[in-house]
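Each residue of the sequence shown is one higher than the last, beginning at 146 in the numbering used here.
Rather than coming from a laboratory, the hints here were simulated on the basis of the structure. On a predicted model such as this, the values are computed, not experimentally measured, just so you know. Backbone N, C-alpha and C define an ideal beta-carbon position, used for all residues, glycine too. Among the clues, some could well be false.
Claimed, not checked - Label-pair ranges, simulated between beta-carbon atoms:
| id | residue 1 | residue 2 | range |
| --- | --- | --- | --- |
| 1 | 254 | 338 | 15 to 25 Å |
| 2 | 296 | 260 | 34 to 44 Å |
| 3 | 319 | 243 | 16 to 26 Å |
| 4 | 260 | 175 | 42 to 52 Å |
| 5 | 230 | 207 | 17 to 27 Å |
| 6 | 182 | 296 | 32 to 42 Å |
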Amino acid sequence: VLRIPDRSYPSQVAEVDRLPALEQTQIDLSSLRAIGEGRYLLEVPWNEALSCWKRLREQTEYTGLYPLLLESRTEFEGHLKRSKAYGISQTLEEGRTLDPAQILARRLEKVAQAHSLEEFPPQGEWPDEDFDSAEEYYYTLHYRYEPAPITMLIGLVPTFNPWEAPAMLGFSGPNGCPTPAEHSSVLRSWFERYGAEPIIVTRDVLELRVVRPPLSPEAALELAQQQFAYCDDIVYQGTGTLEALAGILVGTPTWYFWWN
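Start from the sequences, fold in the hints, and give me the full structure.
So this is what it looks like as structure tokens:
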């Protein structure tokens with residue numbers, strides 16, 4: 146059962162109180178280090194990264210720390226620089242005041258202007274074959290590297306609210322990616338409706354775990370339109386049409402966004 150804590154700002158739990166709860170995960174914490182503003186960095190074996198994330202996520206209500214899987218130390222340091230530039234407190238406060246529907250409407254208008262000579266939005270037939278959506282697969286973990294790296298980083302940020310976590314790292318990818326505050330606003334709406342939680346953040350990719358995905362074609366198409374406005378690259382450089390994206394979203398427990 147997902148809980149939505151009514152906390153207006155990430156509570157700063159004292160470090161001495163966090164460690165016992167972190168130790169309950171039975172994860173090797175020898176690499177854990179503080180990186181400022183209540184955030185931590187942990188290195189884990191690549192093939193255990195998803196399991197470690199889940200154990201850390203289960204402890205969030207006790208630690209006050211939300212975990213994010215990160216691709217590399219260099220990219221993580223880039224996120225930290227952006228978070229300083231935006232300002233964490235200002236970003237979170239702005240995210241609380243923004244209307245996610247208005248954000249997506251503005252973004253969709255910009256995409257339409259950029260593709261004024263093409264069919265918009267890109268539409269097609271519903272996929273003939275059902276997408277095998279039962280498995281919990283993540284592109285970054287399962288497909289991006291061959292061979293896979295030895296270790297992966299986990300960032301721990303001081304918030305109980307999943308939708309705030311990417312913003313607390315200053316996540317804002319390239320090529321028209323939403324601002325950190327816009328991410329926070331849209332992700333909150335998807336958390337409340339679908340139970341969608343960010344799990345992986347890289348330089349240009351955001352992946353989410355979804356507890357209550359849409360189960361009907363109509364609901365999936367509505368969501369596909371929102372996701373297209375949020376990240377049009379997943380259609381223009383991915384599925385090709387909204388219907389193809391919607392077909393993937395039916396019952397799928399993971400979402401993938403990539404800003405090229």
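Now for the hints, and whether the structure bears them out:
1. In this structure, residue 254 and residue 338 meet the distance hint of 15 to 25 Å, their C-beta atoms being roughly 23 Å apart.
2. For the pair residue 296 and residue 260, the beta carbons lie near 41 Å from each other, so the given range of 34 to 44 Å is met.
3. Distance hint check: the CB atoms of residue 319 and residue 243 are about 21 Å apart, consistent with the given range 16 to 26 Å.
4. The hint said 42 to 52 Å for the Cβ distance between residue 260 and residue 175, and at roughly 50 Å that hint holds.
5. A beta carbon spacing of about 32 Å between residue 230 and residue 207 contradicts the range 17 to 27 Å that was offered as a hint.
6. Judged by the Cβ atoms, the range 32 to 42 Å given for residue 182 and residue 296 is violated: they are separated by roughly 24 Å.
In summary, the structure is inconsistent with hints 5 and 6 from the numbered list given earlier, while agreeing with the others.
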